[in-house]
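Novice: Sequence:
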Amino acid sequence: MSEKIDQLVAERRAALGRKDGVADKWGLALSGGGIRSATFCFGLLGVLARNRLLERFDLLSTVSGGGYIGGMLGRLLHGARSADDTRAIFAAFGSQEPRWFRWWLRANGRYLVPRGPADKTFALAVFLRNLLAIHLELGALALALGVVLAAVDVGVWAAIAHWVTDGWVTGERIEALRRLPPWLPTLWPVAIPVLAVLGGLATAAYWVVPWVASAGRPGWRPGFVAVQCVILTIVLGLLVHYGDAIIGPQWQPGHAIRMALAWGAIGLAVAWLIAIPWSRFLLRHLFDETERDALRLREEAVRRWLADWQSLCMKAIAVVLLLGLVDRVAWFLAFEFKAQANTALALAVAAAVLRAAMPALGGGPQGGISGKLLLSLGQLSGYVLSFLLCAWWVSLVHAAALGPMFATEGTVDFGAPWLRLLAIGTAAGGYVLATGRNFEFLNLSSLHTFYRARLVRSYLGAANPARFGQQDTLGPTAVVSERGAAHLAHKSVFDPDPDDDLALEAYAPHRQGGPVHLIGVCINQTHDPRGGLFNRDRRGLPLTVGPEGWVRVGQEPWFQVTGAGALGLGSWVAISGAAVSPGLGSQTRGGISALLAFAGIRLGYWWTRAARENLQRPKRRLAAKSRGLLSEVFCNFKGSSGPDWFLSDGGHFENTAAYALLAERCRMIVLADCGADPDYRFGDLENLVRKARIDLGAEIEFLRPRPRAAGENDRPPGVELFGSLNDLASRKSNACLALARVRYVGATEPGWLVLVKPNISAGLPVDLINFAASNPAFPQQTTADQFFDEAQWESYYQLGFNLGDVLDSDLLEALRSRHATLFESDTGALTAATPRASVTPATVPAGAGAAAAAAAEAAASRLPERIRNSAVSASIGIGAVATVLVSSWQAIDGAIGALAEERKTERAAILKITEDWAALPGRDRCSTTLMSEEHPKLTALAGSFLHHADALCARREADWLAESSLVQEIFDEVAERCGLVETRMRSRACAALLVANTRPDAGGAEWPQICFAGRPAAPAKTRLPTYWAYRYGFEAQRGKSAHPADSFAEAREFAREEHNAALACPTVALAGEQPTPPTAQSPTAKPPPPPTAPPPRPAPVPPVAPVAPAPAPAPTAPAAVEANSKICAGTTIYLQIFGPTQRDTVRDYRDAWRKLGASVPPIEDVEATARAAQRTPPRQVALTTVRHHDPASKRCAEELGKAVGFGNWKVEPLAASLKPTRGVIEVWIGREIPARQGEAK
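The sequence shown: position 1135 = 1140 (my numbering), numbered continuously.
Derived from the structure by calculation, the hints contain no laboratory data. All figures in this text were calculated on a predicted structure; none of them were measured in a lab. Backbone N, C-alpha and C fix where the C-beta goes; we use that ideal spot for every residue, glycine too. Hints are supplied without guarantee of correctness; some may be wrong.
[As the list claims (entries may be wrong)] Straight-line C-alpha distance at most 20 Å; calculated EDC-like pairs for lysine to aspartate or glutamate: (1) 1224 <-> 1195; (2) 24 <-> 102; (3) 1215 <-> 1204; (4) 1207 <-> 1231; (5) 909 <-> 898; (6) 737 <-> 725; (7) 1215 <-> 1237; (8) 1045 <-> 445; (9) 942 <-> 981; (10) 917 <-> 898; (11) 1160 <-> 1203; (12) 696 <-> 719; (13) 942 <-> 907; (14) 917 <-> 906; (15) 1131 <-> 1156; (16) 737 <-> 719; (17) 624 <-> 445; (18) 1045 <-> 418; (19) 696 <-> 561; (20) 909 <-> 968; (21) 1207 <-> 1156; (22) 909 <-> 977; (23) 1224 <-> 1237; (24) 917 <-> 968; (25) 1215 <-> 1203; (26) 9 <-> 510; (27) 917 <-> 907; (28) 24 <-> 818; (29) 942 <-> 962; (30) 909 <-> 929; (31) 909 <-> 920; (32) 1131 <-> 1231; (33) 1045 <-> 510; (34) 1199 <-> 1217; (35) 643 <-> 682; (36) 737 <-> 682.
[As the list claims (entries may be wrong)] Here are the simulated distance ranges between beta carbons: (37) 750 <-> 19: 28 to 34 Å; (38) 19 <-> 560: 42 to 48 Å; (39) 568 <-> 290: 48 to 54 Å.
Let the sequences and hints guide you as you build the complete structure.
Specialist: Below, the structure is given as structure tokens:
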């Protein structure tokens, strides 16, 4: 009970001429429930006004949907100029004559939801505008994060590449990186070990603190120094002298365990040595040193500090794990998946589907297993969507900035990304910082403004006389004229009117005798700096908004807000009804909040300190807007302890609206419980009872009517509609009202609570009964249904009017004075009352016999009716969820089965092609002789390829053929063999295949189309974008993914080239020319067809780089060649080139030099090696220079140029400043090789 509310109540009673004080306050609570609650409560207010009971209520407390109609009533009462006007408004509410305000609500009750093409287009434009704005903000933050992650990647990768490139230990370091998995995120091995070491040191110090503090004054003690020296000596001795003996060779069993134990012991010893001085420092300097008792307190404080440090390290590791996954998935999307546009579309579709499913998450039985399961599924979906969305934005940074690193073949340019990263980081970071103080963006980009405008026009507009062409403030209560609304055609609900709303500080419906209007709002609080236990479960605080700008948080004192920050009545009604927002009170979940933020479903409101305190020039923190948006995404709300409060639906804290009335200790409360409760589980009532007991010390005890005694005929009218909660839940009962006793702490007299629960009862109008029969969920239809048509609106209105018909002053006074004779404690059994009217064709037996049978059935029941209904509904809910899950699994399993069957068919087709190919007779691959007979298997293969082309190419379903290297090779050979068959002996299948092979793919315009025969064009001279920049495993390919210093990749490439050279066919020489020898760059040649044959398209061959023709060797005497054939025996020749363009030119030199007896390792690109090591590359020599390391190799060096057709190469010894190696010759290729090979021979 608060003094401020008592003053307002005294003011309204004085206006009505009452002089009875404020002790016996009456309150009316209108609960949440959307339009369903607003319409039902509208009917209830009408019947209360007709029964002259509405004037008796001092307080009107509303939440969410109840606030719609409560705000309209308050807006009407605000315009009253006297108590007579107030009574006239009440009379108009109770009258069933057509009144303007009632006509307006009937006509525009569905305005909250867009209707009609124009209205829906406008709503869609608003929604998309806000959604794009939110994603722009999130995208800017994600791009800034991507710049940081990409910079870490490039820096770490460059450092590793530089560390690997060392002339003496390159091989050993690359071997150490062989086990580096390419999927491992860069952050993990870089940051996690550091954080683990810091956490381990904190753990060691935690256990060392008591030992250090045991002396009383931790200082410099010889014992500590001696212990440290002994430990250090033992560790060094183990490492230096006994390491090999303890660990043993690697081949011995248990080597890994011994190694782990040894390193573990060393780590523990080092951690202990560091922990001792660290703990001593903390004890001496972190806190003031006083007496011994204070030392014990300091010891506990240090241990708490170290425990916090350990927790911080664990959180940091979790963040690093998450950021590493984001970075790796972003790389996958940018360079491996290669479908960023499709990914964005898929994320948009997923967000739209989950947005459509959000009402289902809130419409089910939240207390049951199915509701919790749906909530968990929604939370998981939100987390996954958030992760993928962040990764997608980061992938844009990877693709834009890191892609140019791989522009050249052979090496990675680590300097290329930095300028692009700087540009992206400057743009994203600059936008975040420049607009970071525009905190109002969060409210403007939400749906609050749209929602508030609709509420103000549809509900508060019903109390605006200007809407009806009236000047009098009581104009909306006038009877609709005979012309009806025809003369108001120009007054559309789509047109805003500034007089619909009014400022909260001016709002005073009580001033002329109306009730004091209290609006319930929830302050979301997921982070409690004081460590409060309540908010960890509730995740919200109650905020009560009263007239004249008075506001109260919980049970704290009232304070008044003024100016623009006080907002208007329509704003507070909209905030009180913000049912779907990232903050959901006790239902707030991280994934759900992120999902709602990403989907643009944000009805909440940020109420800043500047608004509450009416500050003209508030000081904002850096990037305050981004902080607030991230708070919504990660549901990090500080509640009333923070400067900015995130407000949402009052039902997120307490949905019945009776909490504020209990806080004011009302002696009589009428509660309309209109929350969605299809199973009559009374979840909102349960929440009220619990919080009233915990917060207010008020015990709420529900009663049940006593059985009518024999001869008792003086019961007040209407008592027969009262029952226990089980009666209200049972279909065998006619009860729709319940009575509860409220015991306040320190009060001598109890309070009373009358519960009105929407349900079907006897005596309802026939149209209402028929509507209920056609709509089984009535009157507990989901709150997500805001599309009320005329029949639905009228049914809820009439239900409220009829259920409240028995409530009048006499009945309520009788309930207070005669409760002992009329009611008793609720035992949980059904009351023997009149059976509920059936809304089905079957009828319920009437009479005392039926009542006795119902009572007997209830008495025989093990579970109360309400609990049984809950169990049944929970079972049905579980069954429904199970059905959905099973159906989903069956659909997924069917899709997987269909995909598996498709793969099986594809494999069978490839197997058949392979078997027919294997059955072909062997032949000389290099032979061009025409065949006079076509083998049957060749015909079958040609027909098979034509069949696949006809069946698959038109529908673009031949990717599985085009992706098979084996099928490509078989097709090439089949085309080649068909071309070698004489024309007159060639089958129609082969002929058609050759014709189709020469026709370009025209998208199915001609038949047949061989869509799987063409191979991609020669790739550009670029590296494959590879995570970690280089592949250090054995699968790395030279020039594509391997490090330039990777000798294993170089040797494997050399072996492949040697194998290809051995298999190559000699090129057919033209007339007057000498045939060229086979080279590694001469793949299997396809001979031209004879002139009489149709010209087939040559079978595609693997793309190769252009090769300059090998220079013809200078004529030498046979005797000289024979004499010099082993002149380079025992010599190793290292080829040094400058750039990848020289590699193909000098590759053939190795064969000639090997014939001289030399050993020629793989070619080294010195420019690539220098760039990988972050060094300046050496200057290229103008003329190829041969440097021998010892005089014995000089003769071999002089013959190298001659062996490949050059006589002008420069031969010189190794520089004296360099250390020579016996038997080594270096050949540095000059600039003349690519352009002037044959010159000066």
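Novice: Go through the numbered hints given earlier and state which of them the structure violates, listing their numbers in rising order.
Specialist: Violated hints (numbers, rising): 2, 8, 10, 12, 13, 16, 22, 23, 29, 30, 33, 35 and 38; every other hint is consistent with the structure.
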